[in-house]
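These are the residues of each chain, in order.
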Amino acid sequence: MQRIGVFVCHCGTNIAATVDVKTVAETLGHEPGVVISQDYQYMCSESGQNLVKNAIKEHNLTGVVICSCSPRMHENTFRKAAAAAGLNPYLVEIANIREQCSWIHKDIATATEKAIILGRAAVAKVHLNAPLTAGESPVVKRALVIGGGIAGIQTALDIAEAGFDVDIVEKNPTIGGKMAQIDKTFPTLDCAACILTPKMVEASQNEHITIHSFSEVAEVKGFVGNFQVKIKKKARFVDETKCTGCGLCTEKCPMKKVPNEFNMGLDNRTAIYIPFAQAVPKVATIDPNYCMMLKNGKCGVCSKVCSVGAIDYKQQDRFIEEKYGAIVVATGFNPIKLDKYDEFAYNQCPDVVTSLELERLMNAAGPNGGTLLRPSDKTHPHTIVFVQCVGSRCDDSKGKPYCSKICCMYTAKHAMLIREKYPDTEVYVFYIDVRTPGKNFDEFYRRAVEQYNVHYIKGMVGKVTPKSDGKIDVQASDLLANEQLHINADMVVLAAAIEPDKTARPLATMLTTQMDTNDFFTEAHPKLRPVESATAGIFLSGACQGPKDIPETVAQASAAAAKAIGLLCKNSITCNPCVAHSDELMCNGCSSCEKVCPYGAITYIDKEFRMPDRTTKVRRVASVNPAVCQGCGACTVACPSGAMDLNGFSNSQIMAEVDAICK
Amino acid sequence: MNKNLKEQVLRSSGANVLKCMRCGKCSATCPSYDEMEYHPHQFVYMVEKGDIETLMKSESLYRCLTCFACVDRCPRGVEPAKVVEAVRLAAVRQQGGNRLSPDMIPDMLDEDLPQQAIVTALRKYAK
Chain A
4 MQRIGVFVCH
14 CGTNIAATVD
24 VKTVAETLGH
34 EPGVVISQDY
44 QYMCSESGQN
54 LVKNAIKEHN
64 LTGVVICSCS
74 PRMHENTFRK
84 AAAAAGLNPY
94 LVEIANIREQ
104 CSWIHKDIAT
114 ATEKAIILGR
124 AAVAKVHLNA
134 PLTAGESPVV
144 KRALVIGGGI
154 AGIQTALDIA
164 EAGFDVDIVE
174 KNPTIGGKMA
184 QIDKTFPTLD
194 CAACILTPKM
204 VEASQNEHIT
214 IHSFSEVAEV
224 KGFVGNFQVK
234 IKKKARFVDE
244 TKCTGCGLCT
254 EKCPMKKVPN
264 EFNMGLDNRT
274 AIYIPFAQAV
284 PKVATIDPNY
294 CMMLKNGKCG
304 VCSKVCSVGA
314 IDYKQQDRFI
324 EEKYGAIVVA
334 TGFNPIKLDK
344 YDEFAYNQCP
354 DVVTSLELER
364 LMNAAGPNGG
374 TLLRPSDKTH
384 PHTIVFVQCV
394 GSRCDDSKGK
404 PYCSKICCMY
414 TAKHAMLIRE
424 KYPDTEVYVF
434 YIDVRTPGKN
444 FDEFYRRAVE
454 QYNVHYIKGM
464 VGKVTPKSDG
474 KIDVQASDLL
484 ANEQLHINAD
494 MVVLAAAIEP
504 DKTARPLATM
514 LTTQMDTNDF
524 FTEAHPKLRP
534 VESATAGIFL
544 SGACQGPKDI
554 PETVAQASAA
564 AAKAIGLLCK
574 NSITCNPCVA
584 HSDELMCNGC
594 SSCEKVCPYG
604 AITYIDKEFR
614 MPDRTTKVRR
624 VASVNPAVCQ
634 GCGACTVACP
644 SGAMDLNGFS
654 NSQIMAEVDA
664 ICK
Chain B
746 MNKNLKEQVL
756 RSSGANVLKC
766 MRCGKCSATC
776 PSYDEMEYHP
786 HQFVYMVEKG
796 DIETLMKSES
806 LYRCLTCFAC
816 VDRCPRGVEP
826 AKVVEAVRLA
836 AVRQQGGNRL
846 SPDMIPDMLD
856 EDLPQQAIVT
866 ALRKYAK
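As given, the protein sequences belong to chains A and B, one line each in that order. Under this note's numbering, the residues of the first sequence are numbered 4 to 666, in order. Under this note's numbering, the residues of the second sequence are numbered 746 to 872, in order.
Derived from the structure by calculation, the hints contain no laboratory data. Note that the Cβ used here is the ideal one computed from N, Cα and C, for glycine as well. Where hints are given, some of them may not hold.
As the list claims (entries may be wrong) - Using 20 Å as the maximum straight-line C-alpha spacing, the simulated EDC-like pairs for lysine to aspartate or glutamate come out as follows:
1) A:K466 x B:E798
2) A:K343 x B:D817
3) B:K827 x A:E34
Stated by the list, open to error - Facing chain A, a subset of chain B residues (Cβ under 8 Å, in silico):
4) G759
5) C768
6) G769
7) K802
8) S805
9) R808
10) T811
11) V816
12) R821
13) S846
14) P847
15) D848
16) P851
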């Protein structure tokens, strides 16, 4: 016989003002199995909890129903109280009579009636509650960071600092990411390379950090604390362990007409290359699309000049497998392609460039050695027009719906740097809004206007027309002057929207993490859990989660590291016992549950069953990994034969609640 | 502000002027800009405010070439040319209607007003 205690909370006046709590307590006291029913002003308070604890001991309760706020608020509080009084915590049920009742109703009579119904449903459910015990699973003390930009580097350094081993997987030949391509950083205008490259070196020299450059994640299996990851080490045709990075091969390589992606294709590199002087690891890579030896077997110059014999034309892609306790995603961003914005003539005119291209044009290690020259005729530009929000803040059909966040600041930076270095240059910035929230950010933008005399014009550029004399006609609106302008410009710089890297979506599928419609990774809670994904053990770092500047990226990278360290510190983790399980006798092996499981927790196994006639038969049945299952319940709905059930939320419990409500 | 007129313009244009983020790209791209008293971005904003009678009286209505450059370039898909077209339609539709309604007359009457003037006021717009 069940002995159930019901506790009705006033929540001050939050509940008691709209619900007659005395009547609720009294009515529920007559429900079958209820031996005690009480109300109290604040059930979550110390004395309220003691009320529950004492009743459990005194009446030897087998189940507890708390009529209070949402279980999201205090379910854990009351579970702990029950456990302290010797009752299994999963025998506590919450009836939400605040958010779902008192806050949304005005009439006391109807609210009271509803509160009683909700309480009755919880009593009906608790009748069927079974004690559950949370299991434990061990934690592998090693982390994987996917992406070797500033976000990945910072996360790896912080995890290594705590004494755990970390692997960085970077798809490019060097770590460094976008920050390595940037010339100066806002709002302090210090040189990006000067602050980034020491961190890159630190990462390569740290005994806890292993860098897998020119590598990709190929497969992810397992669950929090115990991921098995297959990493593809792409063939670079150079033995990483032998190459000293002397660079002689890159000097002698006869194939010198390869677009240099590090300089955004503004100059050329050789087929065997080191992306930039401070690359980490400083190892050459052969581009098989251009190398004549790999394409038609004629050349071999690099192999002849290499004094350590590091060149290996026969190298193949290799796969390595490693186990990790935590995974941090730091896949970063890219500027969007501007092919569909014909009005800006980006594809017609070499002097219309993106901001990242301008970054390289102004960089001392860039194609012009740091002198700003027009790409078309290598002359100094005297009038430069910046266009903001190219592809950002658009209708879905026209571009990205979000604000790319970093463009206002880097454009102010570019404008200021140009005015500083070439005071004879007129700089125009067309803006819709100038968005500069951030420490010292608005001051920075104001400096561009007040000190450097950059012409900020409220309005948008409508049309860019390259002219036969090499100039560019920029037709734009000046909304404050209410006129249409024509600017005779030498260069146009487009602040292209940024988007998540293309590798992010297939990676999200492998990790069974969620993404939004823009392919940014979704955080577990937009405010309170911003660096965790909804999948346990997967953390988010940097622009893969949303547009971010460098200070924010570094802050988030360290936050993600802290969360990963918190996980790695544990020897084992407690699992949520409210997980799915399948009744193997009822399972017909249809795979419906496997298909809907967002966490990859369900696998199918072939199992031997004894038949009534004493023969055995092998049947394909679903098996749930309780450490991976998050208890979402999707499988229980998808299962056509009713074999899937969720601990703590079983089909019979849900039906009992429905019956109680409909009674 | 004439709510019915605004409603009519919004409905016949099919455009959602609330999507406008006031970037002015429509006016930046407009080939008839210099001919217009009210420019495409002002059309959108004035329709949002419900200030449609002013637009109906403006010659700007007939300076729009309906080239659809603004529709093509608008980052928010507001379709300004369709808004202009809808205002133009509203102006065309009022033709044939009365210049005054009879119940507006009592307020206008004074001793010196010749009867002929009242009759004139009741004339219809040209068809």
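Inset, instruction - Please write out, lowest number first, the hints stated earlier that are contradicted by the structure. - result: 1, 3, 4, 7, 8, 9, 10, 11, 13, 14, 15, 16
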